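Here is what each chain is made of, one letter per residue.
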Amino acid sequence: MRPRRIIAIAQRDLAQELKGRRGWVLPAIMAGLLLPLSGAPVPGANQIIQNPTITVSGDVPEDVLAIDFVQEVDEGLLSFRRDEQGTLLVRGMPIHPQIRAALDGGEPAVTVQVARRDVRLPNRSLLFALISASTLTGAVSGSIAGERTHKTLVALLAASITRMELICGKALAWGGMGAATALLAATVSIVLGRLDAGWWLLPLPTVPIATVAVGLFLVRRASDLIGGTTVTLRVLPAMLAALGLLASFVGTTSPLAASAIPLGGALMTAGSTWGGHAGPALLSTASTLLTTALCLWLTARDLEESPGTSVRQPWAAAAVLLGFLAALAWWIPIIGPILWTAAGNPQITEQLPARPGIAAGVMGLGLMSMVRGARARDAAEALSFRNPIAGTWGWALWVGVALAITASVSGLVPMADDPLLARARLRMADGMVPVWAGPTLMLGSILADEFLFRGWLQKTVGGPTATVIWTVVKAPFDPIRGLLTGGMLAMLTHRAGGSVLPAILAHGIWALLTIAVPGINPWLALIIGLAMVAAIRWIPPLPQVRTVERRRSE
Amino acid sequence: MIEIRDLVKRFDAPSRGTVTAVAGLTLRVEGGEVYGLLGPNGAGKTTTLRMLATLADPDEGSIVVAGVDRLKDPIGTRERLAYVPAEAGLPEKLTPMECVRLFARIQGVSDPAKVAGALLDRMGCTPYLETPCGELSTGMKRRVVLARALVHQPKVLLLDEPTDGLDVPGRREVLALVREQAELGRAIILSSHIMGEVERVVDRIGIMNKGQLAAEGTLPEILEKTNTATLDDAFVALVGAEVT
Amino acid sequence: MNRRVALAVVLLTATLIRRFLREGFVLRSLVWPAGLAAGTLLMTLLVVAMVKESQFIGVPADLDPALVERLQEEGWTPKITDDLEATMRARQSWAATDGTVMWRNWRPESLRLESILRERKGAKWRPEADVKMPTASEAAPQGALFTKLVAILFTLYGVVFGLGMVARDRDDGSLEAELALPLPHWVAGATRWLAATSVLSLFFSFSVVLFDAIIGVEQGGALIRHGIAATGGATALGLIAVGKAGIKQGFSGPLAGGLTGAMGVMGVGLAMPQVGSYLPLASLFAGGSGWIPVAIAMGLGVVASAVFSFRSARS
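Chains as they are written, first to last, in this note's numbering: chain F, 0 to 553; chain V, 479 to 722; chain W, 7 to 321.
Treat the hints with caution; some may be incorrect.
[Said to hold, decoys possible] Lysine to aspartate or glutamate pairs mimicking EDC-like chemistry, simulated, CA-CA at most 16 Å apart:
#, chain 1, residue 1, chain 2, residue 2
1, W, Lys127, F, Glu106
2, W, Lys154, W, Glu224
3, V, Lys592, V, Glu570
4, W, Lys130, W, Asp104
5, W, Lys130, F, Glu106
6, V, Lys550, V, Glu565
7, W, Lys130, F, Asp103
8, V, Lys633, V, Asp547
9, V, Lys633, V, Asp535
10, W, Lys130, F, Glu61
11, W, Lys130, F, Glu83
12, F, Lys458, F, Glu380
13, W, Lys130, F, Asp58
14, W, Lys127, W, Asp104
15, V, Lys633, V, Glu658
16, V, Lys633, V, Glu538
17, W, Lys127, W, Asp70
18, V, Lys633, V, Glu508
19, V, Lys633, V, Glu661
20, W, Lys130, F, Glu380
21, W, Lys130, F, Asp62
22, V, Lys550, V, Asp537
23, V, Lys550, V, Glu481
24, W, Lys154, W, Glu134
25, V, Lys550, V, Glu570
26, W, Lys127, F, Asp103
27, W, Lys85, W, Asp70
No lab work stands behind these hints, which were simulated from the structure alone.
Everything numeric in this text was worked out from a predicted model, so none of it was measured.
Construct the complete structure from the given sequences, taking the supplied hints into account.
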């Protein structure tokens with residue numbers, strides 16, 4: 000590693016961003032945010048939380064009203080009333096110690112002590128580190144993604160400089176800038192007497208340095224400036240917050256263990272959270288710098304001029320996540336009661352309507368289809384949105400009727416004994432054809448289902464697998480019904496030459512008839528359903544269909 | 479077809495004060511003519527082309543493009559011309575077909591897909607029709623950019639370094655295309671540093687220096703005027719060996 | 007606006023949206039807030055369900071048996087310990103008492119314990135401990151707050167999109183190609199505003215509806231409108247802030263300015279809700295129906311397009 004080259008890269012990056020009329024903006028913003036923070040006198044934590052206003056209402060004793068932070072209103076945080084025996088009852092929490100003392104009148108019947116772990120709050124120097132790190136988001140992204148877009152990265156990679164030196168230079172530029180501003184703010188604070196110098200100064204600059212290193216690692220494969228910046232924007236603040244909270248939590252048990260948490264420990268020790276001792280400061284500095292070195296090494300290892308097709312496509316993960324979220328939204332009204340009951344509050348999802356779940360499911364699947372279409376060269380072809388083979392429209396009508404009839408086959412599978420499962424099953428049955436959700440949501444649900452299961456999934460994994468997935472997602476407690484309905488729609492799509500349009504029509508007719516068709520014998524419904532599947536599969540096409548198929552094969 | 483009179487353009491450069499990039503330029507290009515605009519770096523060639531293409535406003539002077547006053551009707555001017563800048567870029571995530579078809583649709587071309595396909599085929603881009611532009615070579619990108627420029631059959635073509643980044647066969651093909659377009663009656667201004675290709679394809683030459691025309695005419699006229707044997711020598715004689 | 011311009015606006019906007027959705031990093035960023043937040047909510051539920059705080063109450067060995075029985079009736083398990091306070095701090099019990107002194111944490115059930123102790127002592131007052139779990143409508147404000155945090159992220163995306171679209175396309179030359187089309191220059195700015203606002207609004211709306219399904223969100227419809235206004239306003243801010251910047255001329259300065267400006271306006275909503283309820287970005291935290299901020303955001307889109315057009319002409 001050659002320091003001169005590293006410094007040269009750093010100088011180049013800084014000059015590029017900070018030279019010229021617009022170059023002052025970033026430093027000005029950093030100064031504008033940090034200087035008031037470093038200089039302003041702020042009340043200590045004790046002063047802030049000591050005596051907030053507490054509203055009271057009802058039959059409030061005079062002794063309580065005499066307390067200066069108590070305010071009587073119509074509906075207060077604490078309400079007072081007397082029971083039949085004349086005992087004063089206080090509803091609400093928390094009951095402030097001064098209010099307790101006033102109520103006890105000097106003779107407490109029960110002494111209440113709050114025994115909780117010390118949660119110590121960091122001081123303002125934590126914000127120096129945080130703000131310095133956060134304002135460099137764009138610079139970090141531009142450092143690699145911007146260079147790729149501007150085609151200047153290739154010149155650097157072809158120069159007589161190692162990748163590690165290149166990355167270290169960039170980290171020096173922006174991490175150095177962040178570290179310098181954080182230390183400058185700290186100095187101002189110390190000079191003005193707001194803070195005392197101490198060990199906290201050691202980990203303070205490591206936070207922006209490590210944040211820049213992580214940021215470079217995140218964007219090492221980004222070739223688009225917007226994509227790169229959104230990555231740093233969404234990950235870095237969340238990462239800092241999560242690691243900080245984790246360190247704070249662990250620190251209630253062991254500050255030393257907490258300071259070993261990279262970044263989080265450094266944030267907390269920079270804020271003198273645990274008394275400003277040498278041990279946590281040194282440990283957090285070491286762990287954060289080690290993490291920095293690791294990120295820089297990984298970035299240098301993976302850096303290429305053009306990430307190209309060798310890189311795992313992140314869009315696939317995004318699309319899968321969208322689908323998962325859509326399925327989650329679909330399932331939440333069903334499994335929600337189970338989860339919330341286990342967490343100790345069953346009534347929340349009792350009262351949550353199922354409509355938002357259906358809507359979120361529709362939106363999620365709709366967005367997934369939109370993404371699928373946008374990425375394809377021919378969106379309509381990707382979603383199988385094309386004219387079907389002639390003759391299938393008639394089949395669509397019959398299938399729609401058969402689908403409405405198959406609702407009765409639910410009776411063939413016994414209802415679950417457990418009330419939660421039984422409720423889940425009923426909700427799923429309601430959700431399968433959500434005619435109650437309104438016409439827009441109903442139509443959206445039909446389109447989303449067909450584009451996903453028949454338009455895309457069937458083309459990708461085949462009819463039988465798509466039908467099984469349909470059953471698992473839409474009707475796990477009614478497998479016969481799921482397989483029948485999915486099978487009929489899959490067969491119809493297959494007969495239509497892959498077009499989803501007849502399936503959409505059939506699904507729509509199914510929805511319209513759901514209310515109108517009364518329940519019939521479940522065995523009869525099963526026979527009708529199986530017969531329909533067989534008919535679509537084995538009855539030869541009509542003459543004009545043969546002609547169309549022959550033309551297609553020519 | 480292109481008429482420029484006393485064109486002036488000034489810029490504020492923070493380190494140098496006011497710079498006059500174009501200082502009273504006058505030239506005329508007829509339909510069917512290829513006009514080679516040459517000059518050293520900083521002579522004002524790109525600024526001139528950008529003003530013609532309505533991407534920059536002149537401070538003084540007039541421009542008429544295919545009978546349309548550029549200052550009074552910039553949109554009408556853009557309907558009649560196509561501008562291919564030196565750093566012409568393509569959106570990375572779109573394919574050549576999508577790029578060219580989009581411009582065809584916006585320009586109001588009938589049957590945009592067919593026209594786009596034919597043009598891309600003419601430019602030798604058929605194997606790459608559905609490849610994202612970010613994955614194309616520099617030369618292929620340039621061909622796509624040219625196809626995009628020609629999609630609406632413009633009356634005027636402004637080409638800034640059109641062969642930049644192309645290999646020898648590619649350059650020959652582009653120059654042949656330029657000639658072909660001229661024969662269709664288009665007025666073409668071609669800016670280039672490569673004297674050899676300028677000599678082969680242009681009808682008249684204008685050599686700019688410090689924002690003005692140092693010389694103008696056919697190649698023989700310029701050689702005679704400068705008493706030199708090659709365009710290279712003539713160029714150096716006119717603008718000197720200074721590097722701006 | 008004539009037919010050609012209208013068609014161009016639609017085509018260019020659709021193309022820009024397509025470019026967004028083809029960029030994997032962008033797409034992942036759009037889905038990430040909903041995924042992370044929903045995942046966090048569910049993981050929290052799972053963890054709470056699996057790791058329930060102990061039902062133990064620390065008591066001394068010589069505690070009144072009647073009191074012990076009373077505690078057991080409430081479903082709590084008395085745990086004999088020598089040091090009541092230490093047991094509490096070590097989280098081996100959620101409360102501790104010797105009948106006269108009680109150690110508690112912040113659980114609502116501690117009021118129930120205190121009420122029992124005071125009743126036994128014949129105290130002149132006691133807390134009325136009706137430990138009620140929040141209903142869906144009571145939890146809905148928390149759901150709304152959670153969603154607003156996600157809205158902040160989408161708003162910041164708006165600034166990035168507005169800035170980045172222009173800076174990126176300016177530097178790779180594709181913006182110039184668009185400006186050379188026979189269209190008014192404001193079209194380039196307007197289509198970018200429309201594309202970014204549409205995509206961000208769609209994914210934000212999905213996030214709101216998803217949270218509504220999981221936890222309930224207070225006034226979800228209004229929140230969606232505030233989110234649309236915020237993303238529209240932020241994108242406009244980005245388009246205005248980019249100026250003539252490109253990657254060549256420094257992107258990080260205008261970006262930092264745009265992000266700080268956006269956060270500043272949101273702060274107005276917190277500090278002055280009466281004013282903030284009308285302003286895009288600020289209205290996220292100020293409340294209101296959201297219609298006026300949406301209208302103002304659209305106006306800001308027009309302003310941003312005009313500024314963009316003005317700057318393009320002056321280049």
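Structure-based check of each hint:
1. In summary, the hint linking Lys127(W) to Glu106(F) is supported, as the alpha carbons are separated by about 12 Å, within the 16 Å threshold.
2. Restraint check: the Cα-Cα separation between Lys154(W) and Glu224(W) comes to about 11 Å, which is no more than 16 Å; the hinted pair holds.
3. Restraint check for Lys592(V) and Glu570(V): the C-alpha separation of about 23 Å exceeds 16 Å, so the hint is violated.
4. A C-alpha spacing of about 20 Å is found between Lys130(W) and Asp104(W), which places the hinted pair above 16 Å, so the restraint is violated.
5. Our distance criterion of 16 Å between C-alpha atoms is met by Lys130(W) and Glu106(F), whose separation comes to about 10 Å.
6. Annotation: proposed proximity of Lys550(V) to Glu565(V) is violated, straight-line Cα distance about 28 Å (limit 16 Å).
7. For the suggested pair Lys130(W) and Asp103(F), the alpha carbons sit about 8 Å apart, so the restraint of at most 16 Å is met.
8. At most 16 Å may separate the alpha-carbon atoms for a hinted pair to count; Lys633(V) and Asp547(V) meet this at roughly 15 Å.
9. This hinted pair does not check out: Lys633(V) and Asp535(V) have alpha carbons roughly 21 Å apart, beyond 16 Å.
10. Among the hinted pairs, Lys130(W) with Glu61(F) is consistent with the structure: their alpha-carbon atoms are about 15 Å apart, no more than 16 Å.
11. Distance check on the hinted pair: Lys130(W) and Glu83(F) sit about 13 Å apart at the alpha-carbon level, within 16 Å; holds.
12. A C-alpha spacing of about 11 Å is found between Lys458(F) and Glu380(F), which places the hinted pair at or below 16 Å, so the restraint holds.
13. With a CA separation close to 14 Å, the supplied pair Lys130(W) and Asp58(F) stays within the 16 Å bound.
14. Between Lys127(W) and Asp104(W) the alpha-carbon distance is near 13 Å, which keeps this suggested pair within the 16 Å criterion.
15. Only pairs whose Cα atoms come within 16 Å are accepted, and Lys633(V) paired with Glu658(V) is accepted, the gap being roughly 13 Å.
16. Between Lys633(V) and Glu538(V) the CA atoms are separated by roughly 25 Å; this puts the pair beyond 16 Å, and the hint is violated.
17. Straight-line distance between C-alpha atoms of Lys127(W) and Asp70(W) comes to about 13 Å, which keeps the hinted pair within the 16 Å bound.
18. As the CA atoms of Lys633(V) and Glu508(V) are separated by approximately 11 Å, the hinted pair is consistent with the 16 Å bound.
19. Only pairs whose Cα atoms come within 16 Å are accepted, and Lys633(V) paired with Glu661(V) is accepted, the gap being roughly 12 Å.
20. With a CA separation close to 78 Å, the supplied pair Lys130(W) and Glu380(F) exceeds the 16 Å bound.
21. The straight-line distance between the Cα atoms of Lys130(W) and Asp62(F) is roughly 14 Å, inside the 16 Å bound, and the hint therefore holds.
22. Between the alpha carbons of Lys550(V) and Asp537(V) the distance comes to roughly 14 Å, so the proposed pair stays at or under 16 Å and holds.
23. A C-alpha spacing of about 15 Å is found between Lys550(V) and Glu481(V), which places the hinted pair at or below 16 Å, so the restraint holds.
24. Taking the CA atoms of Lys154(W) and Glu134(W), the gap is near 34 Å; set against the 16 Å cutoff, the hint is violated.
25. With a C-alpha separation of about 35 Å, the suggested pair Lys550(V) and Glu570(V) falls outside the 16 Å cut-off, and the hint is violated.
26. Proximity of Lys127(W) to Asp103(F) is assessed by CA-CA distance (about 13 Å); at most 16 Å being required, the pair is judged to hold.
27. Taken as a hint, the Lys85(W) and Asp70(W) pair is honoured in the structure, with Cα atoms around 13 Å apart against an allowance of 16 Å.
Hint compliance for this structure: hints 3, 4, 6, 9, 16, 20, 24 and 25 are not met, and every other hint is.
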